[in-house]
Amino acid sequence: MTRYYGVFISKDSGVDQNSNEKLHVYTRYEDAYKVIKEHKNARFKCFDSNEEASNFAKFGATSGPGNPSVVCESISYKSLKRQEIFQFRKYIEADDIKSVELSISENPRYLIGIGDTPTIMQEGPRYNALHIAAKHNRPLIADFILKTVGNKSFCQQLYGSAGDNSYLVRPEVMLDLYLNTPDKALNETPLHFAAKYGAYDVVLVFVQYPQLQLHVKNKYGQTPKDITCRMANPSNPNITASVIHKLLDELYFVPVWRSDDEVIQPVVGKPFSPKSPPVCPMPTSPLSPNMEIKALAGPMNYSEATNFHKTWKSPAKSSNGVLKRSPLSFTKGLEQVGRSLAKKYHVSWKEKWPFLDRFVDLSSEEGLELLNNHLKTVIVGTRKQSSVMPKSLPHASPESSLCYKFSKLSIKSPVSQSLTSNKKLKVMRKINFSFEESENNNDLINCDNENDDSDSDDFHSVTNSPDVSDDEYESADEGPDIYIFENKATSMDNAVLEAISDVYVDPRKYPYIYQWKQFISSHSHVQRKQYVAHVFFNRCLQKPYKAYDE
Numbered sequence: 001m002t003r004y005y006g007v008f009i010s011k012d013s014g015v016d017q018n019s020n021e022k023l024h025v026y027t028r029y030e031d032a033y034k035v036i037k038e039h040k041n042a043r044f045k046c047f048d049s050n051e052e053a054s055n056f057a058k059f060g061a062t063s064g065p066g067n068p069s070v071v072c073e074s075i076s077y078k079s080l081k082r083q084e085i086f087q088f089r090k091y092i093e094a095d096d097i098k099s100v101e102l103s104i105s106e107n108p109r110y111l112i113g114i115g116d117t118p119t120i121m122q123e124g125p126r127y128n129a130l131h132i133a134a135k136h137n138r139p140l141i142a143d144f145i146l147k148t149v150g151n152k153s154f155c156q157q158l159y160g161s162a163g164d165n166s167y168l169v170r171p172e173v174m175l176d177l178y179l180n181t182p183d184k185a186l187n188e189t190p191l192h193f194a195a196k197y198g199a200y201d202v203v204l205v206f207v208q209y210p211q212l213q214l215h216v217k218n219k220y221g222q223t224p225k226d227i228t229c230r231m232a233n234p235s236n237p238n239i240t241a242s243v244i245h246k247l248l249d250e251l252y253f254v255p256v257w258r259s260d261d262e263v264i265q266p267v268v269g270k271p272f273s274p275k276s277p278p279v280c281p282m283p284t285s286p287l288s289p290n291m292e293i294k295a296l297a298g299p300m301n302y303s304e305a306t307n308f309h310k311t312w313k314s315p316a317k318s319s320n321g322v323l324k325r326s327p328l329s330f331t332k333g334l335e336q337v338g339r340s341l342a343k344k345y346h347v348s349w350k351e352k353w354p355f356l357d358r359f360v361d362l363s364s365e366e367g368l369e370l371l372n373n374h375l376k377t378v379i380v381g382t383r384k385q386s387s388v389m390p391k392s393l394p395h396a397s398p399e400s401s402l403c404y405k406f407s408k409l410s411i412k413s414p415v416s417q418s419l420t421s422n423k424k425l426k427v428m429r430k431i432n433f434s435f436e437e438s439e440n441n442n443d444l445i446n447c448d449n450e451n452d453d454s455d456s457d458d459f460h461s462v463t464n465s466p467d468v469s470d471d472e473y474e475s476a477d478e479g480p481d482i483y484i485f486e487n488k489a490t491s492m493d494n495a496v497l498e499a500i501s502d503v504y505v506d507p508r509k510y511p512y513i514y515q516w517k518q519f520i521s522s523h524s525h526v527q528r529k530q531y532v533a534h535v536f537f538n539r540c541l542q543k544p545y546k547a548y549d550e
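The sequence shown: position 510 = 510 (full-length UniProt numbering), numbered continuously.
Hints were generated in silico from the structure; no laboratory data involved.
Keep in mind that this is a model prediction, so the values were computed, not measured.
You may find that some hints are simply not true.
What the hints assert, rightly or not - Calculated lysine to any residue pairs in the SDA-like style (CA-CA distance at most 20 Å, straight line): (1) 529 to 490; (2) 135 to 209; (3) 488 to 356; (4) 225 to 214; (5) 34 to 180; (6) 488 to 521.
With the hints as constraints, model all of the structure from the sequences given.
Below, the structure written as structure tokens:
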């Protein structure tokens, strides 16, 4: 069904809306948005008929002279006082994300002002909340703000939905305004601020959004790339202009495609960027299983991604021609090779772990904490024979906060292999990676000339953790059986063990991982080969994913 977008421009702007020439009714919200940007006092709404849109374009919030409109639901949230805005700005500067979240939940006006534009946090230069977050290097707050204003439920909460579908398109508009609105002093966007102050993690958050304009110029004709690290903190030498420059170039990722039932062998997909949606490499047919992205390496530039993909497709082989994989790597063998290559070439890595319902690098601090909390639920539940929920987790890092909904990206026959534009925007918004030690990524350029007999391709057996007092921790024999999927040994235990095999597990920081690792390691190689394939438990264990902005 065609939607019509009526744009009303108030009389204060000097535009005569009663003139047929000036009547702003569109069928594409992008066209309506262009008019909104040209006229500061413009408003728009979405309608099911051209007549309703025309009436709104002529009369605004009333369907005709003197007739109240039933289209718009009044906004009940009060305007903010100057002191309240000042306090909110201080929360951002202090990186007090809990207070930021609480303030926004109580009054959305902290983010969206009465003029349907980003709330001004600092008069004079007219900074919005992203300017403040970028200047003070607050990536978690920047990420939360963008997720919130890009959330349809948030816009519905603010504007209501009685007879009005404008909240469906407002998130795209608000994301554009937040990311690309310049300040009044130097005409600089939040990206200018993040690049100028060397806020690498904030830049990393911004570049996830296709609405971001990378080449906007400031008062002096400079793009964010031109002023990178000009005012960076000298105490952080790891953040260099070249590292941030890589983020400001087009980024590429290399995926692994898998089917849920493991009927089709997993494949390494071609490199893709947020602006070029991923395409499933497998032919589709009505009988083909659902293929989803289960792991990602990146971001990288195009040359690095191409070479990474080529190396991953044809990894080094041992003398007898067999791929150097762990003999227990049936479940995640392809991911195991990709994980090793990512480590070798200093590329960020994320993979889907079904028992966590998210993408994460288990060897990272965030991954270890997630795994430890999962095992806590299993172990404590086994001991008490009751269900014990894990403690709440801290806010996810920018490196994975957008990966949670990646399971939505799938190819089902007989649909097109490429995503629609809107789907692409939604999917890529959920991806977040980092260029960890990215200056070493140049190794990928010459990877074809290397003799790939390096240590990175050798998969070692699990090393024992350091000795711990028996008074503090149970031995494997003393405690109950501990498996990822509660009381059943599956191939997922082998996969997790392989993923953290090179990681030192501090028994005091991660006691439940330590206990599980000791237990699994006590099993012989023959015993572990007999673990049941975890795919048989997927259907009963997987839960529906809760989309953030549905």
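Hints versus structure:
Only pairs whose Cα atoms come within 20 Å are accepted, and residue 529 paired with residue 490 is accepted, the gap being roughly 10 Å. Taking the CA atoms of residue 135 and residue 209, the gap is about 19 Å. The hint holds against a cut of 20 Å. Restraint check: the Cα-Cα separation between residue 488 and residue 356 comes to about 17 Å, which is no more than 20 Å; the hinted pair holds. Distance hint between residue 225 and residue 214 is fulfilled; the C-alpha atoms sit about 8 Å from each other, no more than 20 Å.
Straight-line distance between C-alpha atoms of residue 34 and residue 180 comes to about 13 Å, which keeps the hinted pair within the 20 Å bound. Under the criterion of a C-alpha separation no larger than 20 Å, the hint pairing residue 488 with residue 521 is consistent with the structure, at around 16 Å.
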